[in-house]
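Spelled out, the chains give:
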Amino acid sequence: MRPSAIRLLNILVPVKRSVDYAVKIRVNPQQTGIDTNVKHSMNPFDEIAVEEAAILRQKHKDAVKSIKAITIGPPKSVDTLRTALAMGADSAIHVEIPESAASPEPLAVAKTLRAVIERQNAAAASDADKIDLVILGKQAIDDDLGVTGQMLAGLLGWSQATFASKVDLDVAKNEVFVVREIDGGGDEIRCKLPMVITTDLRLNVPRYATLPNIMKAKKKPVEKLSPSDLGIDYTPQLETLKVSEPPSRVGGGKVANVDELLAKLKEAGIQAA
Amino acid sequence: MLRTSSKICRSAFTRSYATTPSPHALVFLEHRAGIIDSGSLSALTAAEQLGGKVSALVVGSSEHVQGVVDQAKKFKGVTSVLHSSSPQYAEPLPEVLSPLLEKLLSGADSSFTHVVSATSSSAKSLLPRVSARLDAPTISDVTSLEHDAGSGSTTFTRPIYAGNAISTVRAPSSIPIKFFTVRGTAFAAAAASDASEAEVKAVDPVEVADPPTVHVKTTIAKSDRPDLGVASRVVSGGRALKNAETFEKTLYPLADALGAAVGASRAAVDAGYADNSLQVGQTGKVVAPELYMALGISGAIQHLAGMKDSKLIVAVNKDPDAPIFQVADVGLVADLFDVVPELTEKLKK
Numbered sequence: 005m006r007p008s009a010i011r012l013l014n015i016l017v018p019v020k021r022s023v024d025y026a027v028k029i030r031v032n033p034q035q036t037g038i039d040t041n042v043k044h045s046m047n048p049f050d051e052i053a054v055e056e057a058a059i060l061r062q063k064h065k066d067a068v069k070s071i072k073a074i075t076i077g078p079p080k081s082v083d084t085l086r087t088a089l090a091m092g093a094d095s096a097i098h099v100e101i102p103e104s105a106a107s108p109e110p111l112a113v114a115k116t117l118r119a120v121i122e123r124q125n126a127a128a129a130s131d132a133d134k135i136d137l138v139i140l141g142k143q144a145i146d147d148d149l150g151v152t153g154q155m156l157a158g159l160l161g162w163s164q165a166t167f168a169s170k171v172d173l174d175v176a177k178n179e180v181f182v183v184r185e186i187d188g189g190g191d192e193i194r195c196k197l198p199m200v201i202t203t204d205l206r207l208n209v210p211r212y213a214t215l216p217n218i219m220k221a222k223k224k225p226v227e228k229l230s231p232s233d234l235g236i237d238y239t240p241q242l243e244t245l246k247v248s249e250p251p252s253r254v255g256g257g258k259v260a261n262v263d264e265l266l267a268k269l270k271e272a273g274i275q276a277a
Numbered sequence: 088m089l090r091t092s093s094k095i096c097r098s099a100f101t102r103s104y105a106t107t108p109s110p111h112a113l114v115f116l117e118h119r120a121g122i123i124d125s126g127s128l129s130a131l132t133a134a135e136q137l138g139g140k141v142s143a144l145v146v147g148s149s150e151h152v153q154g155v156v157d158q159a160k161k162f163k164g165v166t167s168v169l170h171s172s173s174p175q176y177a178e179p180l181p182e183v184l185s186p187l188l189e190k191l192l193s194g195a196d197s198s199f200t201h202v203v204s205a206t207s208s209s210a211k212s213l214l215p216r217v218s219a220r221l222d223a224p225t226i227s228d229v230t231s232l233e234h235d236a237g238s239g240s241t242t243f244t245r246p247i248y249a250g251n252a253i254s255t256v257r258a259p260s261s262i263p264i265k266f267f268t269v270r271g272t273a274f275a276a277a278a279a280s281d282a283s284e285a286e287v288k289a290v291d292p293v294e295v296a297d298p299p300t301v302h303v304k305t306t307i308a309k310s311d312r313p314d315l316g317v318a319s320r321v322v323s324g325g326r327a328l329k330n331a332e333t334f335e336k337t338l339y340p341l342a343d344a345l346g347a348a349v350g351a352s353r354a355a356v357d358a359g360y361a362d363n364s365l366q367v368g369q370t371g372k373v374v375a376p377e378l379y380m381a382l383g384i385s386g387a388i389q390h391l392a393g394m395k396d397s398k399l400i401v402a403v404n405k406d407p408d409a410p411i412f413q414v415a416d417v418g419l420v421a422d423l424f425d426v427v428p429e430l431t432e433k434l435k436k
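Going down the list, the sequences are from chains L and B. No gaps in the numbering here: position 272 of the first sequence is 276 in our numbering, and each next residue is one more. No gaps in the numbering here: position 345 of the second sequence is 432 in our numbering, and each next residue is one more.
Simulated from the structure, these hints should not be mistaken for laboratory data. Mixed in with the good hints, there may be bad ones.
Unchecked claim - Cβ-to-Cβ under 7 Å is the rule here; a few derived chain B residues that face chain L:
#1 S212
#2 T305
#3 A308
#4 S310
#5 L399
#6 Q413
To be verified - Here are the simulated distance ranges between beta carbons:
#7 B:K329 x L:A277: 25 to 33 Å
#8 L:A277 x B:S283: 44 to 52 Å
#9 L:K223 x B:E377: 32 to 40 Å
#10 B:K329 x L:V42: 29 to 37 Å
#11 B:R119 x L:R30: 38 to 46 Å
#12 L:K258 x B:K190: 54 to 62 Å
#13 L:I218 x B:R312: 42 to 50 Å
#14 B:D362 x L:A129: 44 to 52 Å
#15 L:P102 x B:P174: 34 to 42 Å
#16 B:D157 x L:P78: 53 to 61 Å
#17 L:A126 x B:A282: 52 to 60 Å
#18 L:K63 x B:G237: 51 to 59 Å
To be verified - No farther apart than 25 Å at their CA atoms in a straight line, the calculated lysine-lysine pairs in the PhoX-like style are these:
#19 B:K405 x L:K28
#20 L:K170 x L:K134
#21 L:K258 x B:K435
#22 L:K270 x B:K398
Note that CB positions come from ideal geometry on N, CA and C, so glycine has one too.
With the rest of the complex left out, here is chain L:
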């Protein structure tokens, strides 16, 4: 008997447009949020997620049937999707919300992703067209919540591998071996597809999109959806009362040499153990 046909993977990579990691943010005077009139780029953990999808394709060739990027955000978020397309995604979905709308909460994002996955999987003619792997960043560097991937895995009842620093896909066995970063060390797990992976910084080094790829990305398809197409309500569950500046620290000045440094330590009551 011939072995069963090799599984084809369809990877979904959610990405978020966030304030660039190098920007020193400023709280707005109304204390409702931060000044967003600054440079934005793709959330760094999401770049790692896109890169990992591209690496999986390089390693497993035709076994990776499609890589689809998705974002939920204002019209400008399309730039983030183009970046993902230039890095190796084949197509993208933009769930568009108004410029003025607040960033959706992770649970609503997870429900959107579930809706997209269920829509595609219900329409799939065969298993070969179903989304079976979602790779997300472990957290967005703006809200720092780090919960969306776990929520999505919970909603779908799928296996989850958070804080992944190594991903080994075994297409024939339908399994993924993942090394995770945990407090104090590392954790190795074996997961069955379909599954959700969230990326740690050490998973890979994202590539730069080359100019030809950026040009090609402009021709790749971006499907536009509205929250109502998916039946998702973005009304926040939580009420943001205030965003404020953290208490600022003032540098205490410099000392000239080690003896003065030691004197300062002594003053603070710190001595050798």
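Put chain B on the given structure of chain L with help from the hints.
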């Protein structure tokens, strides 16, 4: 759509004073081979601040659970200890633990209003999964909280944008169970008391047939030094340490002289000078020791996010314009390869 309508009904009900349930927190108490994690002790303190009952949940393999239960019931403020043992619970796999928590929280006799844990790697993996299944958000890395018993709402503060802004959010009574993880350095550890009146109750495990995830192995980086997350002194090194050997040779004697834990910047970890688990920052550990020594660390936003609540920050850097000097209480512009050995020598005297 369904959710919106049920929310409206609920708020109509909870408006009446008498129907607001008094707070009852379920604390996911973590332990490694029977030793309670220090972060969980901070979670107990945060739970107590809600002003109601506090139940601790202990799960694990049968060999460790009993010992943890005996410790847990002695903590101040703990009103009951729930425990569940199963060979499946030996490793905290979210796919396996989630059904147990869902059962506990959605049972008809459940009175839980809050689910609390440390912001640890295992709780960060588990809590959002459970909360999504119960249609509730998870509020991560909370630094302070206040519960309003009258309205049944809880207000939390938490850092956003790598600690460069503090967000104050209210979880209204329309969220019947509020999930949150707490930043260990923002809450004191719960203290043990002799008088224990906590009720101890066994909970049947929920066996998961054929779980989609299997644990293979855990590797914990061993060290004789204090644990980075709870150490009162931390000596941290950055890219300037050149390589793993000089990192060890330069930093470890000073750390030992001070009885300090060793930390590292992302640059040092990425370059392989130090283990990943030592990374301090937005994506690594958040520390707030009495003394934080930043050696050869420039002080990028992402690093400052993990240490700027330290009591005394000492920085040694060759570059007088390094951003670390803007937050350091004591700065020394010098080559750390000259300064650190001298400092170590003089400390020992």
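Here is how each hint holds up against the structure:
{"no.": "1", "hint": "S212", "result": "5 Å, holds"}
{"no.": "2", "hint": "T305", "result": "5 Å, holds"}
{"no.": "3", "hint": "A308", "result": "5 Å, holds"}
{"no.": "4", "hint": "S310", "result": "9 Å, violated"}
{"no.": "5", "hint": "L399", "result": "5 Å, holds"}
{"no.": "6", "hint": "Q413", "result": "5 Å, holds"}
{"no.": "7", "hint": "B:K329 x L:A277: 25 to 33 Å", "result": "26 Å, holds"}
{"no.": "8", "hint": "L:A277 x B:S283: 44 to 52 Å", "result": "34 Å, violated"}
{"no.": "9", "hint": "L:K223 x B:E377: 32 to 40 Å", "result": "58 Å, violated"}
{"no.": "10", "hint": "B:K329 x L:V42: 29 to 37 Å", "result": "35 Å, holds"}
{"no.": "11", "hint": "B:R119 x L:R30: 38 to 46 Å", "result": "41 Å, holds"}
{"no.": "12", "hint": "L:K258 x B:K190: 54 to 62 Å", "result": "59 Å, holds"}
{"no.": "13", "hint": "L:I218 x B:R312: 42 to 50 Å", "result": "48 Å, holds"}
{"no.": "14", "hint": "B:D362 x L:A129: 44 to 52 Å", "result": "48 Å, holds"}
{"no.": "15", "hint": "L:P102 x B:P174: 34 to 42 Å", "result": "51 Å, violated"}
{"no.": "16", "hint": "B:D157 x L:P78: 53 to 61 Å", "result": "54 Å, holds"}
{"no.": "17", "hint": "L:A126 x B:A282: 52 to 60 Å", "result": "58 Å, holds"}
{"no.": "18", "hint": "L:K63 x B:G237: 51 to 59 Å", "result": "58 Å, holds"}
{"no.": "19", "hint": "B:K405 x L:K28", "result": "23 Å, holds"}
{"no.": "20", "hint": "L:K170 x L:K134", "result": "24 Å, holds"}
{"no.": "21", "hint": "L:K258 x B:K435", "result": "23 Å, holds"}
{"no.": "22", "hint": "L:K270 x B:K398", "result": "14 Å, holds"}
Hint violations for this structure: numbers 4, 8, 9 and 15, all remaining hints satisfied.
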